[in-house]
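Peer 1: Sequence:
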Amino acid sequence: MIEDSPFVAAAPVLVPMPAERPYTYAVPAGMRVVPGSIVRVPLGPRQVAGIVWDGAVEKVDAKKLRPIEQVFDCPPIDRAMRRFVDWVAQYTLSPPGMVARMLLRAPEAFDPEPWIEGLQRTLLAPDRMTGARQRVLETAEGGLAWTRSGLAHAAGVSSTVIDGLRAQGVFETVMIPPRPVVAAPDPGYAIPELMPDQGAAAQMLRANVAAGVFNVALLDGVTGSGKTEVYFEAVAAALDQGRQVLILLPEIALTHAFLERFQQRFGAKPGEWHSDLPPRMRERVWRQVAEGGVRVVAGARSALFLPFKELGLIVVDEEHDPAYKQEDRVFYNARDMAVVRGHIGSFPVVLASATPSVESRVNASQGKYNRAVLSARFAEAALPHLKAVDMRRAPPARGGFLSPVLLDQMHQTLERQEQSLLFLNRRGYAPLTLCRVCGHRFGCPVCSAWLVEHRFRGQLVCHHCGHNERRPEACPECGTLDHLVACGPGVERIAEEVVTHFPDARTIVLSSDLMGGVRRLRLELEAIADGEADIVIGTQLVAKGHNFPNMTLVGVVDADLGLANGDPRAAERTFQLLSQVTGRAGRTGKKSLGLLQTFQPDHPVMRAIVSGDAEAFYEREIAERERAALPPFGRLAGVIVSAVTRAEAEGHARGLRRAAPEATDLFVLGPAEAPLSLLGGRHRFRLLIQGERRADMQGFIRAMLANGPKQRGSVRVQVDIDPQSFL
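Residues 0 to 726 in numbering that gives the first Met the number 0 are what the sequence shown spells out, letter by letter.
Because the hints were derived from the structure by calculation, they are not lab data.
The reader is advised that the hints may include incorrect statements.
Computed list of lysine-lysine pairs in BS3-like fashion (alpha-carbon distance at most 25 Å, straight line) [said to hold, decoys possible]:
hint, residue 1, residue 2
1, Lys324, Lys386
2, Lys324, Lys543
3, Lys386, Lys62
4, Lys590, Lys543
5, Lys589, Lys386
6, Lys268, Lys543
7, Lys308, Lys268
8, Lys386, Lys543
9, Lys589, Lys543
Build the full structure now, drawing on both the sequences and the hints.
Peer 2: The following block contains the structure:
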C-alpha cells in the first residue's frame, strides 16, 4: 500500500491506455507521491501522464522497475474521484486506464499557470502632469496591481502613456497571479420571485443541499414552467455552503443562452466545458476547477470527469436526452454516472426534464428519488393547443410534404407577424437518391446506409462515417443524364417547399451540419429569439431548451418518423421529442398551436401528446416495460463484434455465444447482423443479453469474454451496458 508518507519505494500508476490495472513504477529518493498524484512516467518509448493509484504494488524485481520521471505541481485527484473511475470501469467493463484518460484530457494544465507581469503604483509622482496621466493615476488608486494593457484600456489611454510613467518610477513591476477564467458567482445577486409551485420545489431542493448527504431529486415540469430558475436555487444553496457545482447540458448549442440566464441570476457566468472550447481555455478551466477557483461549471457529459476540489451538487438538465450516452471507447450514460458520482461523494443530484426518462419516473415512484412537479407554465402562460393532422384525410399537394391544414395555419401566423417552426428530424435535402431509369441507389461504399443528398452543398453524404462525394449529373450505373431523383424529405427540401409557398417570408434552416459550426448556430438561435425570422425549419436541435418569445405555431412534418424502427425505446423517444418541440410554442403567453402530421393519429403516443395526458402515456409505457422485463425492470447489455470481413465478425460472435456461461437469470439473443451491418468498412454482429434486475450482468459478460475466442486479426469487441441505441 502507498501511505501518505514522504518516501515510498514503488507506486502503482494508472496510465491513459487500455490497461486493466495500474503499472508499478519506482519512486526516486526524495520524491513524494500520494494516491492521486499526477505524474509523468515512461511507457515504452514515450513519456505519458498517469495517476498514482490505490492498492498494493506488484512484487517485481526492483531492478526492473522504471522510475517516475516527474510529479506535477497539481492538486492530487481526490479519493472520491478515484473511486468513481474504478466504479465506471467496473460497471461499463472498460479498462480503468481508458476511464482515467478522460480525467487527463488537459495535459498542459498539470503545471501551474505562469504569473503575469503587472504594474503597481509607487509613491513617486510624474515630472509633469497631463490629462492622460491624471486618468491613469486615478484609475490606479487603491494599490491594486494592473496589467499594462488592462490599465491602459481602463484609463482610456495608449500603452505609451503607461510606459512613460513606468520609466519615471511612478509604477513598479510586480507579478500577479493568473486571472480567473470567470468571476465568482454571487448567490444573492438577483434572487427571483418564484410562483408558489416553483417555491415549493425550490424549498425541497434547498433542503436536499442543506442535508449534505446523497439524495436525488427529479424536477418534473412542463415546458416553460421555470425549472431552470428552480434548480438555480439549489445552486445558490450549494455556493452558500462553499461547495462547487456541476450543471450538465445535453448540447453545446444550448450553452450560450444558458450562460446568459446564469449571469442574470448570479452576476457572473459559469465556467464552460465542451468540445468546442479552445485548448488553452480547456486547460485553464481544468486547472482552476482542480484548485477550486471555478465554482460552477456548465458543460457537456465529459465535464463529469473534471477533478473538482469540493464538488457539492450536480444538476443534469434535460436528463432524458440521448446525447448523455457516450458510445465511443468507454460506453456510459452521463445521467446515470452523475447519480453514482453523487453517491460516492455524498452530495445531492438534481435531474430536470419536461419529459423525464421512464427509468427516472420509476425511481421516483419507488421512492428512490424525490419528485417535484411543476404542472403549469411560468406566469400562467398557456400550453399550446395540440392537434393531429391525419395525412390520409388532408394529404399534401403532389410533390409536397406540408398538408393544407399546416400551410393555412402558417399563413395566419405570418399575418399576425408571429413565428412558425417546422420540425423534421432528418438532415439534408433527401435521405435517398436514385436513378429513375435503372433504379440505381446511391449507397455509402463502406457502410450499409444510403447517401443523404445535401443540395445546399451539392454533395451526397453518409451520416454514419462521413464519406461524401459530389452529386453527379449522370447515373454512374447506366449513364443517363438528368434522371436522378430525390426520395423523401430532409429539412433542406422542406425549406425549398416553404419558399415556394411563402416567397417573402424570412426563413432559417437549423441543423447540426450547418456551415459555420457552433458559432453560426448560436447566432442563428439569437436571431430567431430576436424575431429576425418568420419561419424556422429544424432538426432535433430546435427541440432543446430554446426560448423563442414570438413562436406561436409548431408543425411536426413527420410525427411518425421515430416510431418506424424496432427500438424498445421508440415510443418513449418519440413522445419526448415531440413534446419538447411542440413546447417551443407560446412560451411568453401568446395563444399557440402545435400540429402533428401523422398517418397514425390513433397511435398511443399521438393520443398522449394531443390530449396532454402525459401520465397516461407513462403508465402505459411503464406497464409494458414491466411485462417485457425491460429496463428499469430488467437489464440489457449489447456486445458488438466487428471485423474487416463478415466471416471473421460472425465467427467470433458465434464463438462468444457458445462461451456464454449457464445462468437462470440471464440469456443471450443472437448473434445477428446489426441493423447497420457495415460501418466504416467493418462488418458488425450484435449479441443482446437480457436478464433480471439483480442479475450479475458484468460477471456474466466477463466470463463469456474470458472463455470465448481471443481477439485476433481485425476483430474488435465492444460492450455496451444499458444500450440506448440498437443500430
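Peer 1: Next step is simple, just say for each hint if it's right about the structure.
Peer 2: Evaluated hints:
no. : hint            : in the structure
1   : Lys324 - Lys386 : violated, 32 Å
2   : Lys324 - Lys543 : holds, 16 Å
3   : Lys386 - Lys62  : violated, 77 Å
4   : Lys590 - Lys543 : holds, 21 Å
5   : Lys589 - Lys386 : holds, 17 Å
6   : Lys268 - Lys543 : holds, 20 Å
7   : Lys308 - Lys268 : holds, 19 Å
8   : Lys386 - Lys543 : holds, 21 Å
9   : Lys589 - Lys543 : holds, 20 Å
In the structure shown, a violation is registered for the earlier hints numbered 1, 3, in ascending order.
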